[in-house]
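Since the structure of chain A is already known, use the hints to place chain B on it.
Protein chains: 2
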Amino acid sequence: MTVSRTTILASVRPWGLDSADLVIEGEAIAAVLPAGSGRPEGAEVIDGRGLLALPGLVNAHAHADKSWWGAPWVSYGGEATTQGRIAHERAERGALGIPSTASTERVLREFLRHGTTAVRSHVDVDLGVGLDGIAVLREASAALGDAVEVEVVAFPQDGVIRREGVLDLLDRAAREGAESIGGLDPCLIDRDPVAQLDGLFDIAARHGCGIDIHLHAGGDLGAFEYDLIVDRTRRAGLIGKVNIAHGFALGQLPPGRQQALLEDFAELGISWSTVAPIRSAPLPWVAMREGGVGIGLGTDGVRDLWSPYGDGDLLRVALDFARLHGVRYDEDFAQVARLATSAAAPYVHREVHDLVPGARADVVLLEAENVPDAIVRAPRRELVLAGGRVVARAGDVLV
Amino acid sequence: MTVSRTTILASVRPWGLDSADLVIEGEAIAAVLPAGSGRPEGAEVIDGRGLLALPGLVNAHAHADKSWWGAPWVSYGGEATTQGRIAHERAERGALGIPSTASTERVLREFLRHGTTAVRSHVDVDLGVGLDGIAVLREASAALGDAVEVEVVAFPQDGVIRREGVLDLLDRAAREGAESIGGLDPCLIDRDPVAQLDGLFDIAARHGCGIDIHLHAGGDLGAFEYDLIVDRTRRAGLIGKVNIAHGFALGQLPPGRQQALLEDFAELGISWSTVAPIRSAPLPWVAMREGGVGIGLGTDGVRDLWSPYGDGDLLRVALDFARLHGVRYDEDFAQVARLATSAAAPYVHREVHDLVPGARADVVLLEAENVPDAIVRAPRRELVLAGGRVVARAGDVLV
Numbered sequence: 001m002t003v004s005r006t007t008i009l010a011s012v013r014p015w016g017l018d019s020a021d022l023v024i025e026g027e028a029i030a031a032v033l034p035a036g037s038g039r040p041e042g043a044e045v046i047d048g049r050g051l052l053a054l055p056g057l058v059n060a061h062a063h064a065d066k067s068w069w070g071a072p073w074v075s076y077g078g079e080a081t082t083q084g085r086i087a088h089e090r091a092e093r094g095a096l097g098i099p100s101t102a103s104t105e106r107v108l109r110e111f112l113r114h115g116t117t118a119v120r121s122h123v124d125v126d127l128g129v130g131l132d133g134i135a136v137l138r139e140a141s142a143a144l145g146d147a148v149e150v151e152v153v154a155f156p157q158d159g160v161i162r163r164e165g166v167l168d169l170l171d172r173a174a175r176e177g178a179e180s181i182g183g184l185d186p187c188l189i190d191r192d193p194v195a196q197l198d199g200l201f202d203i204a205a206r207h208g209c210g211i212d213i214h215l216h217a218g219g220d221l222g223a224f225e226y227d228l229i230v231d232r233t234r235r236a237g238l239i240g241k242v243n244i245a246h247g248f249a250l251g252q253l254p255p256g257r258q259q260a261l262l263e264d265f266a267e268l269g270i271s272w273s274t275v276a277p278i279r280s281a282p283l284p285w286v287a288m289r290e291g292g293v294g295i296g297l298g299t300d301g302v303r304d305l306w307s308p309y310g311d312g313d314l315l316r317v318a319l320d321f322a323r324l325h326g327v328r329y330d331e332d333f334a335q336v337a338r339l340a341t342s343a344a345a346p347y348v349h350r351e352v353h354d355l356v357p358g359a360r361a362d363v364v365l366l367e368a369e370n371v372p373d374a375i376v377r378a379p380r381r382e383l384v385l386a387g388g389r390v391v392a393r394a395g396d397v398l399v
Numbered sequence: 400m401t402v403s404r405t406t407i408l409a410s411v412r413p414w415g416l417d418s419a420d421l422v423i424e425g426e427a428i429a430a431v432l433p434a435g436s437g438r439p440e441g442a443e444v445i446d447g448r449g450l451l452a453l454p455g456l457v458n459a460h461a462h463a464d465k466s467w468w469g470a471p472w473v474s475y476g477g478e479a480t481t482q483g484r485i486a487h488e489r490a491e492r493g494a495l496g497i498p499s500t501a502s503t504e505r506v507l508r509e510f511l512r513h514g515t516t517a518v519r520s521h522v523d524v525d526l527g528v529g530l531d532g533i534a535v536l537r538e539a540s541a542a543l544g545d546a547v548e549v550e551v552v553a554f555p556q557d558g559v560i561r562r563e564g565v566l567d568l569l570d571r572a573a574r575e576g577a578e579s580i581g582g583l584d585p586c587l588i589d590r591d592p593v594a595q596l597d598g599l600f601d602i603a604a605r606h607g608c609g610i611d612i613h614l615h616a617g618g619d620l621g622a623f624e625y626d627l628i629v630d631r632t633r634r635a636g637l638i639g640k641v642n643i644a645h646g647f648a649l650g651q652l653p654p655g656r657q658q659a660l661l662e663d664f665a666e667l668g669i670s671w672s673t674v675a676p677i678r679s680a681p682l683p684w685v686a687m688r689e690g691g692v693g694i695g696l697g698t699d700g701v702r703d704l705w706s707p708y709g710d711g712d713l714l715r716v717a718l719d720f721a722r723l724h725g726v727r728y729d730e731d732f733a734q735v736a737r738l739a740t741s742a743a744a745p746y747v748h749r750e751v752h753d754l755v756p757g758a759r760a761d762v763v764l765l766e767a768e769n770v771p772d773a774i775v776r777a778p779r780r781e782l783v784l785a786g787g788r789v790v791a792r793a794g795d796v797l798v
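Chains as they are written, first to last, in the working numbering: chain A, 1 to 399; chain B, 400 to 798.
Next up, chain A with everything else stripped away, as it sits in the complex (with noise of 0.2 Å):
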């Protein structure tokens, strides 16, 4: 047995709003009370300091098992494609000691003092490395206490049908308990569609596992896959399973073309996650947003042998969001602060992710005065809950 113990988290603007005390019991917000209204004997009472609340962040889309945060410059090389890359990476990772422990550990740590409390990562799963890596990531967040939740997207980085005996490890990532399985331009790397999205499908279908499938080809060809896609998910039944990250394409096909689509997505529960690159086309996020299909936001690799960018701060990339499409209105900013947190609760298998009673306590206070604010100047986080715990404070991890 569990002794349940209560903490206020008092005076804080959920959402901007009116001042409140939450109410937490162990992990889980209990109560969400007009401030001051009452406060059990013998709880811990945190100041919260008329400080902005927010749920904890959620990042849709890390990479967090393959950077080198933390360790010394690594000067980029390699050619700028994506094929490129891939090479790249796999003959340098190995002396940087990726995927380590450690190297994971410094990156969730990251993503935690930037109040993200909940993740879901894409982890290269290849011939190399086979399925270490998502080992490296469950052990990272079991020495945080799991203040960071993580799911698995077993990744095939370096391409599936091209490589043989990858299906086979997607395969067992999916046995053992990965969440989802990845896949990665099926026309472009694999060149091969058909195989590698039967592939997956087959494997999704068997284990009941998600597919969340990296796509970065544009215009028709990438329609074309979003089409196969489609039809499999339909015919599979895969509904609610199936989530599309970048997908550049979408952004840029004729308006007529995208509505078809997003009313398939919605149909199916296929849903959209984007790392706001700064010069993609911008999504037709208001359509996908009135149609029902779910946009996840993520932070991408962080300082990897992909590119030295990024910093964890999935606020900042819910600015870049907002910038790339143009929000300049106080209701926009606040659905971009949604997908930033509580609508993600699908990208972490969460039934609720919000600032109200039997939601987790994750929980971020920053000094700004209402949510746009606090989105387009990305302040530093206060105070951030998870669970229930004081997790970090003032910008510093305190686990």
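These are calculated hints, taken from the structure and not from any lab test.
In this text, a Cβ means the ideal position worked out from N, Cα and C, and glycines have one as well.
Treat the hints with care, since some could be wrong.
[What the hints assert, rightly or not] Which chain B residues face chain A? A few, computed with CB under 8 Å, are given here:
| # | residue |
| --- | --- |
| 1 | 442 |
| 2 | 475 |
| 3 | 722 |
| 4 | 727 |
| 5 | 772 |
Using the frame of chain A, we list chain B on its own:
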């Protein structure tokens, strides 16, 4: 006679190189010595703790006169067109007390907090506020003891030819010492490019001031305006006196057309400034560098009636510039850092702006391993010196 005091900024890594002591006499750097190699008696020593040192950041394109930074949040309104925003701003600014010395000082302090010690600010000049904004900017700078040095572009935000009397205002601004006069979209706003440009060049030629003109037009229309400006710069002999701000068309033009323009720009000393907008076409920045065409980086407006974005951090603009141009190699990051600092000297009329003897002692210290690390993380500014004075520490302004 001024008594010159000596300060040693000890144990810093200029540009991430070997540890050095900066010997500062009064406002200027007198010497850069290997760390610990002899410190004059009686000198004040500031411990630089091995931090990375850069020259003060230079903001080559600001609008410091019209921000509501520090005031309660102003929800966005107005139409999402250039003309819509101009009209919205003119209707609402008075109620927000814009322009005022207090609000302008708040913006300058925010610049300073982030390590910017010199600013070229466009200042709205129109039939409503006349030249009040210029006086306000100079007062705000003086209130900070010129820690942030400002120079003025008298900016006809509401148009030139379409508003009878604006040319006279610009003429008066130039006569009274504005370093440059501005212009705005001669085609799209004034709809009379020859009249606007002839008017501006006439004033600049008579007063010897610069021209720094906002051009938003894309593609062929933008290129047409560049041609008109090249032609007039050559005829008026205003070599090194003309800057084009935004100039979105340049990145959109075919390489041959770009190259021909860059040759003209180089010959005439026409420079460029950009705020690295998230969806703009990348500039041909390598060709510009090789051809000797200057590029300055700016924050644009910060939280004003045009847009709620911006936090005044020029290092983050440098980061956006790097991302927009796909920078990945260390030497390119170093070039970007120079754009934000030493290479921007001409934008604020400095002969030299660097960590070298003779330069004003404007120094920013950051906890970063090297220059690329400083750009991609844009960490807190640990110490900022302006004219030899410590003006900010740990992200807080001290003046």
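Structure-based check of each hint:
1. 442: violated, 33 Å
2. 475: Given a least distance of 4 Å, the restraint on residue 475(B) holds.
3. 722: holds, 5 Å
4. 727: holds, 4 Å
5. 772: At about 6 Å, which falls below the 8 Å cut-off, the nearest Cβ of chain A leaves the hint on residue 772(B) intact, so it holds.
When each numbered hint is compared with the structure, a violation occurs for hint 1 only.
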